[in-house]
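There are 2 protein chains.
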Amino acid sequence: MKSWLDKINWNEDSLVPVIVQENGTKQILMHAWMSRDSLEKTYKSGKATYWSRSRQNLWVKGESSGHYQFVESIQTDCDYDALLITVKQEGGIACHTGRYHCFFTKLIDNNWIETEKILKKPTDIYDK
Amino acid sequence: MKSWLDKINWNEDSLVPVIVQENGTKQILMHAWMSRDSLEKTYKSGKATYWSRSRQNLWVKGESSGHYQFVESIQTDCDYDALLITVKQEGGIACHTGRYHCFFTKLIDNNWIETEKILKKPTDIYDK
Chain A
186 MKSWLDKINW NEDSLVPVIV QENGTKQILM HAWMSRDSLE KTYKSGKATY
236 WSRSRQNLWV KGESSGHYQF VESIQTDCDY DALLITVKQE GGIACHTGRY
286 HCFFTKLIDN NWIETEKILK KPTDIYDK
Chain B
186 MKSWLDKINW NEDSLVPVIV QENGTKQILM HAWMSRDSLE KTYKSGKATY
236 WSRSRQNLWV KGESSGHYQF VESIQTDCDY DALLITVKQE GGIACHTGRY
286 HCFFTKLIDN NWIETEKILK KPTDIYDK
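Taken in order, these protein sequences are the chains called A and B.
As numbered in my numbering, residues 186 to 313 make up the first sequence, in order.
As numbered in my numbering, residues 186 to 313 make up the second sequence, in order.
Calculated from the structure, these hints are not laboratory results.
Backbone N, C-alpha and C define an ideal beta-carbon position, used for all residues, glycine too.
Hints may contain errors.
Straight-line C-alpha distance at most 30 Å; calculated DSBU-like pairs for lysine-lysine [claimed, not checked]: (1) B:K306 / A:K211; (2) A:K291 / B:K305; (3) B:K273 / A:K187; (4) B:K211 / A:K192; (5) A:K192 / B:K306; (6) A:K192 / B:K291; (7) B:K229 / A:K291; (8) B:K273 / A:K302; (9) A:K229 / B:K291; (10) A:K211 / A:K229; (11) A:K232 / B:K291; (12) B:K302 / A:K211; (13) B:K302 / A:K229.
Reference listing, derived: stretches of chain A covered by chain B, where coverage requires no fewer than 3 residues with Cβ under 8 Å from a Cβ of chain B [to be verified]: (14) 248–255; (15) 281–294.
The following label-pair restraints were derived from C-beta to C-beta distances [what the hints assert, rightly or not]: (16) A:N196 / B:Y265: 15 to 25 Å; (17) A:G251 / B:R240: 22 to 32 Å; (18) B:N295 / A:S199: 27 to 37 Å; (19) A:S237 / B:K306: 41 to 51 Å.
Required output: the full structure, derived from the provided sequences and hints.
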């Protein structure tokens, strides 16, 4: 029997891009990637689980930081080649730099300007 | 002199993924891709301009439908490998299927279910 996972148009690396949006505020927290296994695990466990392209492994977001993302909904687009998930962000910090979200760099007058403050030092997030 | 465009970590196809969010409502409208040229054109013209991977060409969103996206802000993430743009969506229709946005398919009980109504038939959008 065909699985809902078969409907996704996985890219040449067998991944799909994922937009991660915070429930309620609708703030975009991250842009990440999922493999088939990570999407299935995300759906079954309710915890956002990504594919790390740099480390080449499954990665339960929050596993080392405590900043889990509890998934409220999973949507796909008209081409089934991108996902949008809405999450509850544990600890209010989604970015590994210690910021609320990853999109803290804004294009202003031909320059990239950082606009969000660091809420917690990365060394304090990961040294536990 | 280095350009702000050089800071982006373009992928192996020289593209970057783009999250398109509506200003005000914060609704995610689309997930798209930009080349260096399309990002530069987007910034200079103020109209969202993407790279069509299927047609392999630059594509000013709204050129054939009238549903332009007027860009309010451009942000990048901590790795400079994804963009988030906020836009004013002309005509209230972002999806080529005639829906408000592209993420109208939701995962419910192991099935993908369409949840958004068609506001305008695609033939009525593109036959002008």
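How the hints compare with the structure:
The straight-line distance between the Cα atoms of K306 (chain B) and K211 (chain A) is roughly 29 Å, inside the 30 Å bound, and the hint therefore holds. Among the hinted pairs, K291 (chain A) with K305 (chain B) is inconsistent with the structure: their alpha-carbon atoms are about 34 Å apart, more than 30 Å. Between the alpha carbons of K273 (chain B) and K187 (chain A) the distance comes to roughly 39 Å, so the proposed pair goes past 30 Å and is violated. Between K211 (chain B) and K192 (chain A) the alpha-carbon distance is near 27 Å, which keeps this suggested pair within the 30 Å criterion.
For a cut-off of 30 Å, the pair hint linking K192 (chain A) to K306 (chain B) stands: about 24 Å separates their Cα positions. Between K192 (chain A) and K291 (chain B), the direct Cα distance comes to roughly 12 Å. Compliance with the 30 Å bound is thereby established for this hinted pair. At roughly 15 Å between alpha-carbon atoms, K229 (chain B) and K291 (chain A) fall within 30 Å of each other, so this suggested pair holds. A threshold of 30 Å between alpha carbons decides the hint, and for K273 (chain B) with K302 (chain A) the separation of about 27 Å falls inside it, so the pair holds.
With a CA separation close to 15 Å, the supplied pair K229 (chain A) and K291 (chain B) stays within the 30 Å bound. As the CA atoms of K211 (chain A) and K229 (chain A) are separated by approximately 23 Å, the hinted pair is consistent with the 30 Å bound. Straight-line distance between C-alpha atoms of K232 (chain A) and K291 (chain B) comes to about 17 Å, which keeps the hinted pair within the 30 Å bound. The suggested pairing of K302 (chain B) with K211 (chain A) holds, with an alpha-carbon distance near 21 Å, which does not exceed 30 Å.
Under the criterion of a C-alpha separation no larger than 30 Å, the hint pairing K302 (chain B) with K229 (chain A) is consistent with the structure, at around 28 Å. Under the rule that three or more residues need a Cβ within less than 8 Å of chain B, the assignment of the segment 248–255 of chain A is violated, with 0 such residues. Counting residues of the segment 281–294 of chain A whose CB lies closer than 8 Å to any CB of chain B gives 9, so the stated coverage by that chain holds, three being the minimum. In this structure, N196 (chain A) and Y265 (chain B) meet the distance hint of 15 to 25 Å, their C-beta atoms being roughly 20 Å apart.
At roughly 45 Å, the beta-carbon separation of G251 (chain A) and R240 (chain B) lies outside the given 22 to 32 Å, and the hint is violated. Between N295 (chain B) and S199 (chain A) the C-beta distance comes to about 21 Å, which lies outside the given range of 27 to 37 Å. A hinted range of 41 to 51 Å holds for the C-beta pair S237 (chain A) and K306 (chain B), which are about 42 Å apart.
Violated hints, listed in ascending order, are 2, 3, 14, 17 and 18; each of the other numbered hints is respected by the structure.
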